[in-house]
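S.K.: Residue numbers (my numbering), protein chains in the order written: chain D, 14 to 144; chain A, 14 to 144.
Take these hints with a grain of salt, some might be off.
Note: identical chains are not told apart, hence a pair may lie in one copy or across any two.
[Unchecked claim] Quick list of in silico lysine to aspartate or glutamate cross-link-like pairs, EDC-like style, CA-CA up to 20 angstroms:
| # | residue 1 | residue 2 |
| --- | --- | --- |
| 1 | LYS132 | ASP46 |
| 2 | LYS132 | GLU121 |
| 3 | LYS132 | GLU101 |
These are calculated hints, taken from the structure and not from any lab test.
Single-letter residue listing:
2 protein chains.
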Amino acid sequence: MTTIDASAETLSIAEAAERTGLTTHTLRYYERDGLLLGPVSRTAAGRRAYGPADLQWIEMINRLRATGMPIREVRAYADLCRMGDGNEAERLGILHAHRDRVLAQLSEVTEHLGAINRKIGIYEDRVGTPS
Amino acid sequence: MTTIDASAETLSIAEAAERTGLTTHTLRYYERDGLLLGPVSRTAAGRRAYGPADLQWIEMINRLRATGMPIREVRAYADLCRMGDGNEAERLGILHAHRDRVLAQLSEVTEHLGAINRKIGIYEDRVGTPS
DNA sequence: CTGCACCTTGGAGCGCGCTCGAACGCAAGC
DNA sequence: GCTTGCGTTCGAGCGCGCTCCAAGGTGCAG
C-alpha cells in the first residue's frame, strides 16, 4: 500500500541545501533571480517545499555553473525551459555553445598545467640536489 | 657582432600588453599589487620598459591565473621568488597544491560535461524527431 | 611649434556571485 | 505557554579581479 504523503516527497530549504551542496541563501537567491523553473511550492505556513523535480533541476544548474556557465545564461536557459515545448533547438544551441567553450577551456587548462608541471619538475630537481 | 642596445630588448607597456594578452590597465594593476618580481624598470622619462624576464614572468602569471590560481596566491608565490634562494620547497608546495586542485577540478568539470553531453543527446533526439 | 598619441598616478567604479543583517513569523519540544 | 530554532522578506554589503576616469607629462610627425 503506497502512502500518499506529499511531505515524504518534499524537502525543507535546509534539507534541499544539504542535498544540493548550496546554501539556503543561494537557493533563495537562485529562485529570486529566475534560475529555477518557477517559484518553489510552499507549505501551508508559507515555507518552501522542494520536490524531486526542483532538486533535479538544481542539479542541472549545478552542473552548468560548475562548468563555468554564467548566472545570466543559466537564467536564459531556464526561461526557455519555462516556456515549454517548441524551443528545443534554441536550448540545444545554448548547450552546444557551452560545451564547446568548456572543451576549449579544458584543453587550455591542460596545456597550462603541463607547463606548470614542468616548472614543478625543475623545482624538484633543485630541491633534490640542494648543493 | 652583437649590437648592445637595451631598447631592442625592451617593450613599452602597450607592446607588453599586446604580447601577453593583458591590458595596460591590468599590467599596471599587477605591478601595484605585487604580482611581479619587482617594479618594472623605467626609461629616462619614467615610462615602463618591460624586459624579457618581465615578459617570461608574466607568462607564468598568466598560466597560474588561467588555471584558476587567485591573485593573492600568485602574490604569495611572487613574494617567495622575490626573496631569492632558500625557499624552493615552499614554492614547490604552492605549485603542488595548485596542481592538485587543478587536476581535481579538471576531472569534476569533465564529469559534469559528460552529464551535459547526455542532456544534449536527449535534445538532439527530440529535435531530430519533431513529431 | 603644434598636434596628437601614448604614458604617468591615484583613486573611484563595476560586474559577478553570492552572503549577510534586520526584523519578524511559525512550530515542535519541555 | 515558552523557548529554541528554522523559516520568511527586503535590501545592503562584500570579495574578487579588473576597468576606467581625471589630470597631467612626454615624444614624435608634420
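S.K.: Confirm or reject each hint.
M.R.: Do the hints match the structure? See the list:
1. LYS132 <-> ASP46: Intra 43 angstroms, inter 23 angstroms, cutoff 20 angstroms: neither.
2. LYS132 <-> GLU121: For LYS132 and GLU121, the Cα distance is within 20 angstroms only inside one copy (17 angstroms; across copies 24 angstroms).
3. LYS132 <-> GLU101: between (46 angstroms within a copy, 11 angstroms between copies)
Of the numbered hints stated above, the single one contradicted by the structure is hint 1.
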